[in-house]
Amino acid sequence: MNISLAAEPIFHIGSFPVTNTLLVAWVIILFLVVVALLVRKNLKEVPKGLQNIVETVIEGALNFMETITGDRKQAKKFFPIVFTIFIFVILSNWIEVVPGLGTIGIWEEHHGETILVPFIRSASADLNVTLAIAIVSVFSTQIFGIAGIGLWKYGKKFLPFGGLFKIKYGFLPVPSFNGIINFFAGFLELIAELAKFVSFSFRLFGNIFAGEVLLTVVSFLVPYIVPLPFLFLEIFVGFVQALVFAMLTLVFLKMAVTEHEHEEHEAH
Amino acid sequence: MTVEKIMAVEETKEVATSLLGNLDAVKAIAAAFAIAVGAFGPAMAIGKLAGKAMESIGRNPEAASKVQTAMILAIAFTEAIAIYALVVALIIKFV
Chain W
832 MNISLAAEPI FHIGSFPVTN TLLVAWVIIL FLVVVALLVR KNLKEVPKGL
882 QNIVETVIEG ALNFMETITG DRKQAKKFFP IVFTIFIFVI LSNWIEVVPG
932 LGTIGIWEEH HGETILVPFI RSASADLNVT LAIAIVSVFS TQIFGIAGIG
982 LWKYGKKFLP FGGLFKIKYG FLPVPSFNGI INFFAGFLEL IAELAKFVSF
1032 SFRLFGNIFA GEVLLTVVSF LVPYIVPLPF LFLEIFVGFV QALVFAMLTL
1082 VFLKMAVTEH EHEEHEAH
Chain C
196 MTVEKIMAVE ETKEVATSLL GNLDAVKAIA AAFAIAVGAF GPAMAIGKLA
246 GKAMESIGRN PEAASKVQTA MILAIAFTEA IAIYALVVAL IIKFV
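Respectively, the protein sequence lines represent chains W and C. Read the first sequence against the working numbering and you will find it ends at 1099, with the numbers running on by one and no gaps. Read the second sequence against the working numbering and you will find it ends at 290, with the numbers running on by one and no gaps.
In case anyone wonders, no lab produced these hints; they're calculated from the structure. Check each hint, because a few of them may be wrong.
[As the list claims (entries may be wrong)] Among the chain W residues that face chain C by a calculated CB cut under 7 Å, a handful are:
| no. | residue |
| --- | --- |
| 1 | F1015 |
| 2 | G1017 |
| 3 | R1034 |
| 4 | P1058 |
[Claimed, not checked] Subject to a maximum C-alpha distance of 27 Å in a straight line, what follows is the list of computed DSS-like cross-link-like pairs (lysine-lysine):
| no. | chain 1 | residue 1 | chain 2 | residue 2 |
| --- | --- | --- | --- | --- |
| 5 | C | K243 | W | K907 |
| 6 | C | K243 | W | K1027 |
| 7 | W | K1085 | C | K288 |
| 8 | W | K875 | W | K904 |
| 9 | W | K1027 | C | K208 |
| 10 | W | K1085 | C | K247 |
| 11 | W | K908 | C | K288 |
Think of the CB as a built atom: it goes at the ideal place given N, C-alpha and C, for glycine as much as any other residue.
Given the sequences, and given the hints that come with them, work out the whole structure.
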């Protein structure tokens, strides 16, 4: 039973190691691109077959996003990034339930002992992949925020230099207590943005990798019938983690384009 | 102290030092502790969250879907903390 935290390289292109998770990610991308091109080829006014399925799924997702953003136009603007994250993550999560994961591979010598290097390993069980998706999500939030309300207003959310000084007696700048507290609150929000990288990537990686380890151990102990409830659990967890990733991205996108509510301070 | 007590103390010291000197044993204990203690807080928090959500759905069944969406989001945030503990346990054990 071989459990390795890092993805195992299958072959090398020059000095670049191609890992099994990279292969799986490429297969998923190929599958999505092929489906998209097939649907796009003959677009009919009254959809039938594959186009019908795709349209149902997309409309369901758009309606769900609209309940969160409250605005159809905004939902359509955020739809590409959020839905792509959702569909990529859910497909890569569900690959861990496919039979053949972790069992079909090649025997290799590592540090003197022969271990099996599997061909299939879920792409989200690799910290690199989840970190990459997290980086894309957080950076797209910043870009949408700056494009939505402008660089100055967006910067004021994190570093509000404006309220630091109060003008007293007409011309004298005096440091204002509220302004300093506001500045620190904005600074903490900047730290929270950095924490999003860690939280996004580790949430998805931890769930899927732990699921793979769980399935491996359970199948190792009792191969027949007992893994069934665990397989159902992993299907459910895969769906929920993809949904959570996409929904959190959507919520952060929505928060990024809303202007910081201006608090009125009453002068007592 | 009697001879038996002295021997018992010596034996305990031997077992303890041999246990603490064995890196694999300490790693296993550390990994078990990491996930056991780390899952405690999120479990209580998720229980409280879900309880409050059920209460509010019971009081206002029409807002059920809104409450459900917010609840799932909040549960994902708290579960992430337990996942951090799990990842630390896995790193201790396997790296």
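Given the hint that K1085 of chain W pairs with K247 of chain C, test it: the Cα-Cα distance must not exceed 27 Å. OK: K1085 of chain W and K247 of chain C at ~25 Å, within 27 Å.
If you draw a straight line from the CA of K1085 of chain W to the CA of K288 of chain C, is it 27 Å or shorter? Not satisfied, since the Cα-Cα distance of roughly 40 Å exceeds 27 Å.
Measure nothing beyond the straight line between the CA atoms of K243 of chain C and K907 of chain W; if it is 27 Å or shorter, mark the hint as holding. violated (35 Å)
Can you verify the interface hint for F1015 of chain W: is its Cβ closer than 7 Å to any Cβ in chain C? It is violated, given that the least Cβ distance between F1015 of chain W and chain C is near 23 Å, above 7 Å.
Holds or violated: K908 of chain W to K288 of chain C, with C-alpha atoms at most 27 Å apart: Violated. K908 of chain W to K288 of chain C sits at ~44 Å, over the 27 Å cutoff.
Is the hint on R1034 of chain W kept, meaning its closest Cβ partner in chain C is under 7 Å away? Cβ of R1034 of chain W sits 4 Å from chain C, so the hint holds.
Chain C contact restraint on G1017 of chain W - CB to CB distance below 7 Å: This hint is violated: G1017 of chain W lies away from chain C, its Cβ roughly 21 Å from the closest one there, beyond 7 Å.
Hint validation: P1058 of chain W versus chain C, beta carbon distance must be below 7 Å. Holds or violated? violated (20 Å)
For the pair supplied as a hint, K875 of chain W and K904 of chain W, is the alpha-carbon distance within the 27 Å limit? holds (24 Å)
Sort out whether K208 of chain C lies within 27 Å of K1027 of chain W, counting only the CA atoms. Violated - the C-alpha atoms of K208 of chain C and K1027 of chain W are around 46 Å apart, more than 27 Å.
Given the hinted pair K243 of chain C and K1027 of chain W, is their alpha-carbon gap at most 27 Å? Answer holds: K243 of chain C to K1027 of chain W is near 24 Å, not above 27 Å.
Hint violations for this structure: numbers 1, 2, 4, 5, 7, 9 and 11, all remaining hints satisfied.
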